[in-house]
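Everything in the sequence shown is counted per the numbering used here, starting at 6 for the first residue and increasing by one.
No wet-lab data here; the hints were simulated from the structure. Among the hints, erroneous ones may be present.
Straight-line C-alpha distance at most 20 Å; calculated EDC-like pairs for lysine to aspartate or glutamate [stated by the list, open to error]: (1) Lys9 - Glu63; (2) Lys11 - Asp62; (3) Lys11 - Glu39; (4) Lys11 - Glu68; (5) Lys11 - Glu63; (6) Lys9 - Glu26; (7) Lys40 - Asp52; (8) Lys48 - Glu63; (9) Lys40 - Glu7; (10) Lys9 - Glu70; (11) Lys48 - Asp62; (12) Lys48 - Glu26; (13) Lys40 - Glu63; (14) Lys27 - Glu70; (15) Lys48 - Glu7; (16) Lys9 - Asp52; (17) Lys11 - Asp52; (18) Lys40 - Glu26; (19) Lys27 - Asp52; (20) Lys42 - Glu7; (21) Lys42 - Asp52; (22) Lys48 - Glu70; (23) Lys27 - Glu68; (24) Lys27 - Glu39.
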Amino acid sequence: MENKVKIARTQVNLTQQQLAEKIGVTRQTISLIEKGKYNPTLKLCLDICYAVNRTLDEVFWVERENS
């Protein structure tokens, strides 16, 4: 899943470990989300957004490709 978690996280000067501790997951989970290899639940998406002070759209919105 494409996202902007890494950008948002670094803008608020958080490491993967710090973000993980803030929202109650492992650093590995944050790493996988940032790489697009883990599809987080809506609750986890919201927790990430609250932690980095961004909206869901700012962090997770992906434009639909025209087919």
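Next item on the list: Could you grab the alpha-carbon distance between Lys27 and Glu70 and see if it respects the 20 Å cut-off?
Entry: Distance ~34 Å between Lys27 and Glu70 Cα, so the pair is violated.
Check: Between Lys9 and Glu26, is the straight-line Cα distance small enough, at 20 Å or below?
Finding: The given pair, whose Cα atoms are some 19 Å apart, holds under the 20 Å limit.
Check: Taking only the CA atoms, is the gap from Lys11 to Asp52 under or equal to 20 Å?
Finding: This hinted pair holds, its Cα atoms lying about 14 Å apart.
Item checked: 20 Å Cα cutoff - pair Lys11, Glu39 -> This hinted pair holds, its Cα atoms lying about 6 Å apart.
Note to self: Run the distance test for Lys27 versus Glu68: straight-line Cα separation, threshold 20 Å.
What the structure shows: 29 Å, violated
Notebook entry, point to check: Is the straight-line distance between the alpha-carbon of Lys48 and that of Glu7 20 Å or less?
Noted result: 17 Å, holds
Check: Lys42 and Glu7: Cα distance at most 20 Å?
Finding: Holds. Lys42 to Glu7 sits at ~9 Å (cutoff 20 Å).
Notebook entry, point to check: Holds or violated: are the alpha carbons of Lys40 and Glu63 at most 20 Å from each other?
Noted result: 17 Å, holds
Check: Going straight from one Cα to the other, do Lys40 and Glu7 come out at no more than 20 Å?
Finding: Satisfied, since the Cα-Cα distance of roughly 8 Å is no more than 20 Å.
Check: Is it true that the CA of Lys11 sits at most 20 Å from the CA of Glu63?
Finding: Distance ~12 Å between Lys11 and Glu63 Cα, so the pair holds.
Notebook entry, point to check: Is it true that the CA of Lys9 sits at most 20 Å from the CA of Asp52?
Noted result: 14 Å, holds
Note to self: Check whether the Cα positions of Lys48 and Glu63 lie no farther apart than 20 Å.
What the structure shows: 16 Å, holds
Violated hints for the displayed structure, listed by number in ascending order: 14, 22 and 23.
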